[in-house]
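Make the full structure from the sequences, and use the hints.
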Amino acid sequence: MPRPSNPSIDAAVDGLSDWGIETFVHVPSSHSAPLIRALQARGVTDVLANREEEAVGIAGGLAMTGVKAAIVMQDNGFGNALTALTTFAAAYHVGVPIVANTRGGLGEYNAMIHVFSEHVPALLAAVGIRVDTLGPADPPHLWRTTVRASAELAVMTRRPIVTLLDVLHPALEEAS
Amino acid sequence: MKRIEALAAIDEVFVGDPLVITCGASAREMASIARRNTHLPLLDSMGLAGPVGLGIALGTDRPVGVIEGDGAVLMGLQMLATIKAQSPPNLTLIILDNHQHASADLMNSQAADGVSLAGASRGLGLLTIEVDDVDGLAAAARDARDSDQVTVIVADIEPGNTAGIPFLLADPAVLGDSFRRSFAEPSS
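Line order of the protein sequences matches chains C and P. Under our numbering, the first residue of the first sequence is numbered 1, with each subsequent residue one higher. Under our numbering, the first residue of the second sequence is numbered 1, with each subsequent residue one higher.
Check before you lean on any hint, since a few could be wrong.
Label-pair ranges, simulated between beta-carbon atoms [as the list claims (entries may be wrong)]:
1) ALA137/C / VAL15/P: 53 to 61 Å
2) ASP113/P / ALA111/C: 34 to 42 Å
3) MET107/P / ALA137/C: 46 to 54 Å
4) ASP177/P / THR83/C: 16 to 24 Å
5) SER147/P / ARG130/C: 25 to 33 Å
6) ARG37/C / GLU158/P: 47 to 55 Å
7) ALA137/C / GLU185/P: 43 to 51 Å
8) ALA171/C / ALA104/P: 43 to 51 Å
9) GLU185/P / GLY20/C: 23 to 31 Å
Reference listing, derived: stretches of chain P covered by chain C, where coverage requires no fewer than 3 residues with Cβ under 8 Å from a Cβ of chain C [what the hints assert, rightly or not]:
10) 37 to 44
11) 99 to 108
12) 119 to 125
13) 133 to 142
14) 170 to 182
Since the hints were made in silico from the structure, they are not lab data. Idealized CB from N, CA, C, for every residue including glycine.
Below, the structure written as structure tokens:
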């Protein structure tokens, strides 16, 4: 069941706004939807992609023209995206921040998805992609600062960088 | 029409414009014709030239060309839907259709089994032009480049690869940097 927005997700949106996001490419996800809708409500241009590797290509192309472009997706889509992330974004030194909601942890309602999602940080680390993770122990101001700083670092160091958001954790809802 | 003849015609039309080139023999043969800062050859990432070109087209007002193969488009067929949904007027997608994965041991692609990429493109609502010779390709590419409508050109080319073309052993970071810098240069 999709969760409504909450102070932490709002803070992540603020972080992208602080960075100056101009366009975001998103892949359908009910748990990214609050973030997607908030960015749309702020007038940020959006592009709907049908697969995550496609999102990497589009956002990477935008970034190569100088547009501040990010990807919003769900972490199980990294299985689709790994080749594009490594052989395009990383290899061509394209700075693309990626904000992804996590699945398979505390608060999960799907008995299967942890089989992939729990391993996403290790998979990304194995291919040299930096990951920062935000959860209920992190106050909203840290979500905001981390998302902004991660996007800045991705562009400055010309590489894809991922911020994982643990939006399903029950404590996050309790805090909202 | 051989692929290398098609590539030369496309290069001439899009000289000075951003041009994204799919991986394998297409990238190698284009590099043997011309190496330009405005060229972005993908050294891998099969099926990604279309999405990358779409992103570039959304980020610039310049005409943008993308060269895909039939096999690469079939690997990322959803690109056609996304290109239609966005419809950047400055984008031209050229599919060189030899009905085979020429860079994968010349194995047939599904285009050899009656799959029509032009039909798929038209079915998704994209302006789609089919050509089968160099003059037709050059004319269609020029019209598409100068038009204000996203266009897909499906060019029927001969199977196989040009002999004697060396591997493209460029550093992708250098290719990417050169391409990025080309946006600071005046367009033709």
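Distance restraint hint 53 to 61 Å, applied to the beta-carbon atoms of ALA137/C and VAL15/P: holds, 56 Å
Count the residues of the segment 99 to 108 of chain P whose CB lies closer than 8 Å to any CB of chain C, then report whether that count reaches three. violated (count 0)
Verdict for ARG37/C, GLU158/P (Cβ pair) under range 47 to 55 Å: The hint (47 to 55 Å, Cβ to Cβ) holds, given that ARG37/C and GLU158/P are roughly 50 Å apart.
Should the hint that ASP177/P and THR83/C are 16 to 24 Å apart at their CB atoms be regarded as holding? holds, 22 Å
Taking 8 Å as the Cβ threshold, is the statement that the segment 37 to 44 of chain P is covered by chain C upheld or broken by the three-residue rule? holds (count 4)
Given the range 25 to 33 Å, decide if the beta-carbon distance of SER147/P to ARG130/C lies inside it. violated, 42 Å
Cβ contact check, 8 Å cutoff: the segment 133 to 142 of chain P against chain C, three residues minimum: violated (count 0)
Assuming the hint says 46 to 54 Å, is it satisfied by the Cβ distance from MET107/P to ALA137/C or not? Given range 46 to 54 Å: holds, Cβ gap about 52 Å.
Please check whether the segment 170 to 182 of chain P has three or more residues whose CB lies within less than 8 Å of a CB on chain C. The restraint on the segment 170 to 182 of chain P holds, since 7 of its residues have a Cβ under 8 Å from chain C and three suffice.
Just to be sure I understand the hint, the distance between the Cβ atoms of ALA137/C and GLU185/P should be within 43 to 51 Å; is that true here? holds, 49 Å
Range first: 43 to 51 Å. Now tell me if the beta carbons of ALA171/C and ALA104/P are that far apart. holds, 49 Å
Go ahead and decide if the range 34 to 42 Å is satisfied by the Cβ distance of ASP113/P to ALA111/C. holds, 39 Å
Of the numbered hints stated above, those contradicted by the structure are hints 5, 11, 12 and 13, listed in ascending order.
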